[in-house]
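Asks: Below, each chain spelled out in residue letters.
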Amino acid sequence: MTIDPALFSAALRALTPILFAALAGALCQRAGIFNISLEGTMLVGCFAGVAGSWFTGNPWLGVALAVAASAAFSLVLAVGSVSLGGDAIVISVAMNLLAVGLTAFLLRTVFGAQGSFSDPELRGLDRVRLPLVEEIPLLGPVLSGHSPLVYVSWLAVAVTAVLLYRCRWGLRLRGLGENPAAAASLGVRVTRQRYLVVVAGGGLCGLGGAQLALGNVTLFAENMTAGRGWIAVVAVMLGAAAPVGVFLAALLFGLAEALGFRLQGLGLPQQATDAAPYVVTLIALFVSSRRLRRRDPVEGAVDR
Amino acid sequence: MTSRTAEATPPAGTARPSRLLRTRGGVVALAVLTGVVVGTLVLAGTGTNPLTAYAALATGAFGPDNLPDTLSYVLPVLGMATALAIPLRAGMVNLGGEGQLVLGAVGALVTGLFSPLPAPLTVVAALLVGTLAGASYAALAALCDSHLGVPLLVSSLLLSYPAISFASYLVRFPLADPGSSLPQSERLPAGVALPTLGAGQISVGLVAVLAVVAAYTVVDRRTPAGYEVRMTGLGARFASYAGIDRPRLTVRVLAASGGIAGLVGAILVLGFPFRFIDGALISPQYTWIGLMAALLAAAHPVGTAVAAFFFAALTSGAFEMERITQAPRELTAIVQALVIIVLATSTGLLRGKGGPR
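From first to last, the protein sequence lines are chains S and X.
The numbering of the first sequence is this note's numbering, which starts it at 699 and goes up by one.
The numbering of the second sequence is this note's numbering, which starts it at 362 and goes up by one.
Some hints here could point you the wrong way.
Some chain S residues judged to face chain X by a derived CB distance under 7 angstroms, without partners named [to be verified]:
| hint | residue |
| --- | --- |
| 1 | L782 |
| 2 | A792 |
| 3 | A802 |
| 4 | E833 |
| 5 | L837 |
| 6 | Y976 |
| 7 | V978 |
| 8 | I981 |
| 9 | A982 |
A few chain X residues that don't get close to chain S, going by computed Cβ distances all over 12 angstroms [as the list claims (entries may be wrong)]:
| hint | residue |
| --- | --- |
| 10 | T420 |
| 11 | F423 |
| 12 | P425 |
| 13 | L482 |
| 14 | P512 |
| 15 | L514 |
| 16 | P539 |
| 17 | V565 |
| 18 | V568 |
| 19 | P634 |
| 20 | Q646 |
| 21 | L656 |
| 22 | L657 |
| 23 | G664 |
| 24 | V667 |
Source of the hints: derived by calculation from the structure; they are not laboratory data.
Glycine included, C-beta positions come from ideal geometry on N, C-alpha and C.
From just these sequences and the hints, can you work out the full model?
Replies: Here's what the structure looks like:
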């Protein structure tokens, strides 16, 4: 097997949906919400993206619809857990199943299709060739020629990092995650902040879904997120909910996925590379928990 | 609507377990009613007569022709619901049910294929190995929680994926069926199978799962272990203060949970089609439907069983509803999820707490 630009290019494509969802998860984590509904929210985005592109003929309207639909879907979590005090984990688990059922239901009622929908007329996002970057040897073919959303995801990493670490808003948000009561006493509007973060996260998941359904492929299939939202949850942990950390974690998963395809071609088990990132994450968590061990062992740091 | 309901809900952490228990029946009724109303509206919206659809749903679930199908669906859902209810009862969430289920199946498969024992003994050994495989893997997640500082929710979820990959590898390469291009293992030798009841459609495994439910009920109500588990669920700090060794309890609870999940996996492999097919235990969402059933009943043993039976019947009956009315069967998944969401939002289900503390 050769390590060539195409491998890294495939890795960048594979990581984009995970990265969008993981950024959403990181934001929620920072605000003190353990969001495991990323999988379902992204699936809603996939469906809305395909539906939007199909009925308007414009893939960008599909992306817009994906963002809107996923943000609306994430309102379930916002209303349920932030306003009504329901358990975020329970609601998220149900939301994931709701998304699977809802998209399959709509696939059949709206498109009259079962299992999957694809059509030569369905327009996906065009690849972008970066004029100057393309010329760079080795790096050019890796960085150029992706769907625009790939570049949007990198921008989103930068924007999230600036928002979190260089803005007053981000400082308040991080404070909220560390100690909601203290943040509230200093005048942070807890409910509003959390709504904002959950819904913005929904929008990010929508972008991830749109990239998956209109960028990586051009179709909708039942349950097509296939665990990517869960990988994003893991990437948030591995990246310690920091934007750049989450990017590196998602890169690890993307590389593993791309490498897995290659290994399969050589008759080596793809399952080994599938499993590797989870093991790496677990080890990383051991190591980091030694440093950050909480004082109170009973209140396991699940929902803060 | 949002703000009004928010005012009606008492603020931050005032809900006490006693209040929760008093209103719980009402809340479940409200959640189920919401599910039925939404289901009816969606059916009417797609141009189906809801009454016809419900009649077909009932026939599909409990009609004489369909009951065996329903029961074969009840087995894994009920088993997984019970498995996942046990940690929930102690206020812990085991998100690794899929990995434990699959490892149980793999353990039973390997035993069944290579055991030198006579067939009936091999079946027993396969069930034992499956149970042990699930139990030890779940206990590993518990050890990560209590000794390595990785929260149980996370460790159980993370461990699940390598297990699924491992099983996938085994049935694609070393144990692959050479006569098939499908990712499936070889068939178990003749005779290595659980006996069936009635017209041969109901596995004895269902009886085993019912026995597990009965055992959980007894342990929960009548034994010190069950008491410790419930106390920990009601107040983990207080339980520790009262002398309950939490790390030890976590390992035991998880071992019981994973053991049951592994047993379910073993039972499934020892029934039709007598082999392990990659993804066959994951894609029907047994684990997640089971988890929802356990959540609906707040992990109460009998309640969990009733909820699991209800969810399995709903899922199974939906095939007949779809055949008769053309209304997509995915509708039942939507209704199930809605019931849980309404329930969770109206109680703060697991711990009866308000949002930010």
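Asks: Does each hint hold? Answer for all of them.
Replies: Right, here's what the structure says about each hint:
1. L782: With a minimum Cβ separation of about 4 angstroms from chain X (threshold 7 angstroms), the hint on S:L782 holds.
2. A792: 4 angstroms, holds
3. A802: 4 angstroms, holds
4. E833: Check failed: Cβ of S:E833 comes no nearer than 40 angstroms to chain X, outside 7 angstroms.
5. L837: Where the cut-off is 7 angstroms and the nearest Cβ of chain X is about 32 angstroms from S:L837, the hint is violated.
6. Y976: Result: holds, 5 angstroms to nearest chain X Cβ.
7. V978: At about 10 angstroms, which exceeds the 7 angstroms cut-off, the nearest Cβ of chain X leaves the hint on S:V978 violated.
8. I981: Interface hint status for S:I981: violated (10 angstroms vs cutoff 7 angstroms).
9. A982: 10 angstroms, violated
10. T420: 21 angstroms, holds
11. F423: The claim stands: X:F423 keeps its Cβ more than 12 angstroms from every Cβ of chain S (closest is about 22 angstroms).
12. P425: Holds: least Cβ distance 28 angstroms, greater than 12 angstroms.
13. L482: 32 angstroms, holds
14. P512: 5 angstroms, violated
15. L514: With a cut-off of 12 angstroms, X:L514 comes too close to chain S, as the shortest Cβ separation is near 5 angstroms.
16. P539: Per Cβ check, X:P539 is outside 12 angstroms of chain S; nearest 16 angstroms; holds.
17. V565: 30 angstroms, holds
18. V568: Given that every Cβ of chain S is farther than 12 angstroms from that of X:V568, nearest at about 29 angstroms, it holds.
19. P634: 22 angstroms, holds
20. Q646: 7 angstroms, violated
21. L656: For X:L656, whose nearest Cβ neighbour in chain S is about 5 angstroms away, the distance does not exceed 12 angstroms, so it is violated.
22. L657: 10 angstroms, violated
23. G664: 15 angstroms, holds
24. V667: Check passes; 18 angstroms lies beyond 12 angstroms.
This entry does not satisfy hints 4, 5, 7, 8, 9, 14, 15, 20, 21, 22, going by the numbered hints stated previously.
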